[in-house]
Amino acid sequence: MISLRITFYILSVVILTATAMAITRKNLVHAVLYLIQSFFATAILFYLLGAPLLAALEVIIYAGAIMVLFLFIIMTLIGGETQAGHGRRQWIFPAILGTVSILVAFFLIYESPATQAGLEPAMVRPIVFGQYLFSTYWLPVEIVSLLLFVALAGALYLGRHKAASPAETEVGQ
Amino acid sequence: MWWILGLVLLIMKLIIVISVLFGFAAYMVLVERKLLGRFQIRYGPNRVGPFGLLQPLADGIKLIIKEDFVPRTADRLVFLTAPAVVAAVPLVITAVIPFSDDLTIGGTRIPMVITDLNIGMLFVLALASLAVYGIALGGWASNSKYSLLGAIRGSAQLISYELSMGLSLVPVVMLAGSFSLVDIVNAQERLPFILVQPVSFVIFLISAMAESNRIPFDLPESENELIGGFHTEYSGMRFGLFFVGEYVSMIVLGALTAVFFLGGWRGPILPSLFWFLLKTMLIPLFFIWTRATLPRLRYDQLMHLGWKFLLPVALVNIVVTGGVMLFMGW
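The listed protein sequences derive, respectively, from chains A and B.
This note's numbering puts the first sequence at residues 2 to 174.
This note's numbering puts the second sequence at residues 12 to 341.
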């Protein structure tokens, strides 16, 4: 168990450092790279806690799909370099929010009895996870998929709407 | 005592798999050049050694002694590490591929797979989705317009085809009832899945071709408009890594096709390792043939094929498979 605990703390340090680096980089591509690193460490953390399925999904969805889209947008729009620095005024509001959440988190950790018990690792096979998710939480899953569908339809509409006038003439010629 | 034996076995398996894979990749280059020559009614390389058999060796030496050049404006660290990502990803995927029947030595069964993960297929998809970083970051870090264009094309292409690739494998998981590649091979004891799921097979094959950046899907590289695309600025062994990575990933995709659709190492009479290698080689040879036959797609055609054809067909296929399984009470 002691090796598990050591690994946990090493991973936590990696996650926190990578995320901190991600939000302070001026080069956007470097920020994305640090964020990917943090997702990887999170995936290993999930694996450590006995959820290999979640670990795989973390890598496939966050590191493999969402971050690639980020990279794609950065490369198409600005090429990675941003001149604008982080002004001091920009930092104030996030700093207040961050401090409040940290205070609340500490309060919860000291007050809630649930946090006294350490998280025990438990191996979960993908099939058990799927059955649990779709028998207990089928409604939220369906609602989320509906929400994503609406977002998809909206994106499609916006994309079509803008491209309509100039592209039509181009194709027409 | 037993864990040391296990460790030794594991390291032996790793060494054998990696060296065989690199050897096959080197000779796959030669096979491609030879076959392309024949397809175009010329000889292909035939000067180094008998029938040009030592050509891969000569190519390797050439790549190693060439100057490893880094452009002055490049993002140095990212530029230097990007080729490694491309080469490493397919190598790591082989960890979950079962390449033969269990070997029995002195009453102990040795499984012929490096590790049998219960999320094996998701592991494969997760790694396949990371291969794009090598291309995207390599192209971006070069700080050249051609490379950046190649990188943008590459990331858009790979993310589109990854989706239909993943969806084409869902019916396989449904039929096998497991993500583990060992279980998937075992589920094809009577019937390889290509006979049950021909539509899935075709979608997987096309997506695999797009994932490996081969003609007709080689838009990220396209020599005649982007002069090599994402690897324009690379030279020497770093270019070699991109090159070898492409061939290793072709072979790994062949092995995956064999495992998912052709029954893995299962086959009559001959030893199972032979069947596995034979099935694995079918796909790369098919890719080479396609390269000699088809012209390159246009960019919008590529996107339309992925999103408007392969993806809906894959979704319908999943629904139909589920319906039939429900009806037959699988």
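No wet-lab data here; the hints were simulated from the structure.
There may be inaccurate statements among the hints.
Listed next, with one range per pair, are the computed distances between beta-carbon atoms [as the list claims (entries may be wrong)]:
1. B:116 <-> A:22: 45 to 51 Å
2. A:93 <-> B:91: 48 to 54 Å
3. B:337 <-> A:125: 35 to 41 Å
4. B:80 <-> A:101: 50 to 56 Å
5. A:131 <-> B:206: 24 to 30 Å
6. A:94 <-> B:26: 26 to 32 Å
Backbone N, C-alpha and C define an ideal beta-carbon position, used for all residues, glycine too.
Of the hints given before, which are not true for this structure? Numbers 2, 3, 6, in rising order.
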